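Novice: Sequence:
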Amino acid sequence: MQIKNPEIIAAVDSIGEHFRSNISNRFTRGGISSMVLDPGTWNLIEEMTEKAENYRYQGYHFDEIYGQILAMARFIYHARRDLLPNIRMYASGGNDRAGATDKVFRDMAITNFGPNLKILADKVNDLYLKVAAIDKESAGQKGMVLSQIPELKEIGRYLVE
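So our numbering is basically just the index in the sequence shown, starting at one, shifted up by 285.
Restraint ranges, calculated between C-beta atoms of paired labels, are given here:
hint	residue 1	residue 2	range
1	Arg366	Lys388	23 to 29 Å
2	Asp411	Arg366	21 to 27 Å
3	Glu439	Glu349	15 to 21 Å
4	Ser319	Lys388	20 to 26 Å
5	Asn339	Pro435	24 to 30 Å
6	Pro370	Asp407	17 to 23 Å
Treat the hints as calculated values from the structure; they're not laboratory data. Please read these numbers as outputs of a predicted model, since none were measured by experiment. C-beta: ideal position from N, C-alpha, C; glycine also.
With the sequences and hints as input, model every part of the structure.
Specialist: See the structure below:
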């Protein structure tokens, strides 16, 4: 079954916009690129944040959207654990010649990185709950797709601080 629910599409769009604007911006991108995640996870994050348009008309298969949700949850977990404590170092990038405006924007990006990760985690959790509800509703006798992906049991640990 393919999910073409407008709420799901809107939630994915919101996650992508938040990620591009507030998480992976020009000040934090260096730190994000230093994170150690497997290539498959990075590809799924890119699918969710940059290529959501591909799913707008065809919809999502449950395993696709669950995979993207898990990838983003893993990202959030590792960003909190590995990147957040050192974000100031990554964001400064040794560029002390930045203009006053850039310094203000950089400081805002650094200061708000943790709260923006929390917002992203909340958005990903909301999407997960919506997809799980649709999965449960459409499962019938065959069982939920959610139950076939063991790592989804870790989603709470990944998303909660």
